[in-house]
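Given chain A, put chain B in place with the hints provided.
Protein chains: 2
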Amino acid sequence: MKVLHTNPRDDGFHMPAEFEPHSGCILIFPERSDSWAYGGYKARKAFAEVCKAIAKSEKVTVCASFEQYENARYLLPDNIRVVEMSSNDAWARDYAPTFVTNGKKICGINWSFNAWGGLENGLYFPWDKDDKMARKLCDLFDADMYDMSGFVLEGGSIHTDGEGTLITTKACLLSKGRNPHMTKEEIEEKLSECLGISKVIWLENGIYGDETDEHVDNICAFVKPAEVVLAWTDDKNDPQYAMSERCLEILENERDAKGRKITVHKLRLPKPVYVGEEECGGLDTVDFRPARTVGERLAASYVNFYIANKAVVMPFFGDEADEPARKMLEELFPEREIIPVYARDILTGGGNIHCITQQIPVY
Amino acid sequence: MKVLHTNPRDDGFHMPAEFEPHSGCILIFPERSDSWAYGGYKARKAFAEVCKAIAKSEKVTVCASFEQYENARYLLPDNIRVVEMSSNDAWARDYAPTFVTNGKKICGINWSFNAWGGLENGLYFPWDKDDKMARKLCDLFDADMYDMSGFVLEGGSIHTDGEGTLITTKACLLSKGRNPHMTKEEIEEKLSECLGISKVIWLENGIYGDETDEHVDNICAFVKPAEVVLAWTDDKNDPQYAMSERCLEILENERDAKGRKITVHKLRLPKPVYVGEEECGGLDTVDFRPARTVGERLAASYVNFYIANKAVVMPFFGDEADEPARKMLEELFPEREIIPVYARDILTGGGNIHCITQQIPVY
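From first to last, the protein sequence lines stand for chains A and B.
Those letters in the first sequence? Residues 875 to 1237, by our numbering.
Those letters in the second sequence? Residues 875 to 1237, by our numbering.
Pulled out of the complex, with its shape left as it was, chain A reads as follows:
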């Protein structure tokens, strides 16, 4: 693995869209006992379901700690590869490399990771093991690595169409805990250099209560160029209503990198999901305080799906909005199987299916 100090754009690389072909997908096996209730017991089963769904159409590699390696190997079928790798938690989207391609080979980007806000408002401390993963994964996959470790970014805070457009949120990318020394324009230029994009669409915000400072991947995702789904509620009393409405307004008034208007599909949210007493009691404490409080609202959203080669793996919440959401994704992805996974036990960890995956584009 070579460490590259040039920039991907100037070297002819760009980040493809998630709906383009993958050579594989990376996940991390969950075990952190203040993130995952009951020592991760239920989360691991849910992660395994996600892995199996993805493995139907692409090669899945799961990173597990020394301690969880055997469990992972036991819970996952033979066609899934388990490798030992240390982490602080299990969010491959946010600290596995962001892969870029020049059409002939892929390289990985190693961003700086600081647990979604560092000492300002990060979600745990320390985050050293997570931060080392991108480099290790590039090495594992024999991909050269662009070292962008001076710039804080998580994969979940960006979506690209593979044709020059990137969507993100101001709430996240302009947060104090990431790159406060950089202006919006400087951040745009950095994204352009790294991902080969020429247009950034800035949504104001994401999902209400999303602890990542409102990652875009929970509120809005490309389903094809110039076409997105947007998490939506018709309940005007829900604080999410104004947030989604503002996103819609921005999207309807934007053009993508190729000058196209953007078609927006409203993907209706489930009813608000709150942390239950049993879940709360299953979590270890953080700094001598409970990790979550009973009644805390979780950032449940169907937008947090993963687009695999021949499937879309989407979260179900046991809500009456589950089936309509599946139906919409079926219409939007007619060539892919829509595979729902009951994701409550992933959601309580603070994210969902997209957050725990990272695609590797075809070389």
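Watch out, some of these pointers could steer you wrong.
Since the list gives no way to pick one copy over another, a pair counts as held whenever it fits inside one copy or between any two copies.
[Claimed, not checked] Once the Cα atoms are required to be at most 25 Å apart in a straight line, the calculated SDA-like pairs of lysine to any residue come out as:
#1 K930 x D1018
#2 K876 x L949
#3 K916 x S1066
#4 K930 x P1000
#5 K1064 x F893
#6 K876 x N1183
FYI, nobody ran anything at the bench for these hints, they're computed from the structure.
Quick look at chain B alone, frame taken from chain A:
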């Protein structure tokens, strides 16, 4: 990775000779402070030299603990892959999988590993991390794995010619600490089943003082079918003299699996190598006792070389026998570059270049 419970021989697999083509080589980065003086500082540099020499003609993968990953990545050049993997020590020969091939694909064999003798006379405790490595490495390399974990064997205790012959030592394979419930005949049958061999040549012993119960890979190695090098001394006062002489006698009276007589080349040993005061002082203690004592003889032997695709990587000891040994290997391997590595800092750990490597045959 599939776990197979049949046996390799009946499935059409056999273990190729080390001099056949490799797709790569596995090593483990040393750090154990009661094996390697000064916390492994010098050993890591020596290991890095071995890695570089092998990487000239095959892909090298180095397993490093979380703690040593960065050091490994820093010390090793870009063309060598570093993966995180936990171990108790650094002997890839003895606990990486033994690979077998059917000419179309490879599979790994997972033997049981018990630190060269378990609770009987093993060299450290515990050995759980080492014992898990073969399985992890099969998974890493996408090779199906034969589970032979009921049988204790280290890769360093066997050499094969790829044509049905295996050489080993009684001192090791019939030791009390390995498979005391099995007869010599049962062990032969097990080796036959696993490695596809039809003839076992039993040397009595190996190198004087070899802590592995005298692994064959320190005293005798195939250089081609029906042709071996044998560690030798002309000093009749050295306890090694009688041991090597007995090996010679056996080899001269044996036939290989194809009925051929075996040509033996005497590879003269360096002068006895003893642990020095400085080395001894650099080691952490074991069970409240010094790990080694000053003046202890080490099992130095030139036979412990590694045959890479286009090179033979051999140990040098700063002895006047270094150059004659190199010359002999040059004559025996006319198509390979002979690359000496000063191996004193590997030797003090208890083994040498062959012990720290494991080849992966071409698929």
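Verification of the hints:
Only between protomers do K930 and D1018 lie at most 25 Å apart by alpha-carbon distance; the minimum there is 19 Å, versus 28 Å within a single protomer. With identical chains, the CA atoms of K876 and L949 are at most 25 Å apart between copies only, with a shortest distance of 14 Å across copies and 34 Å within one. Proximity of K916 and S1066 under a CA criterion of 25 Å is satisfied in neither setting, with 40 Å inside one chain copy and 45 Å between copies. Taking CA atoms no more than 25 Å apart as the test, K930 paired with P1000 passes in neither setting, with 35 Å inside one copy and 39 Å between copies.
When the C-alpha separation of K1064 and F893 is checked against a cutoff of 25 Å, the pair qualifies only within one copy, where the shortest distance is 23 Å, while the shortest distance between copies is 50 Å. For a Cα distance limit of 25 Å, the shortest separation of K876 from N1183 across copies, 23 Å, qualifies, whereas the shortest one inside one copy, 28 Å, does not.
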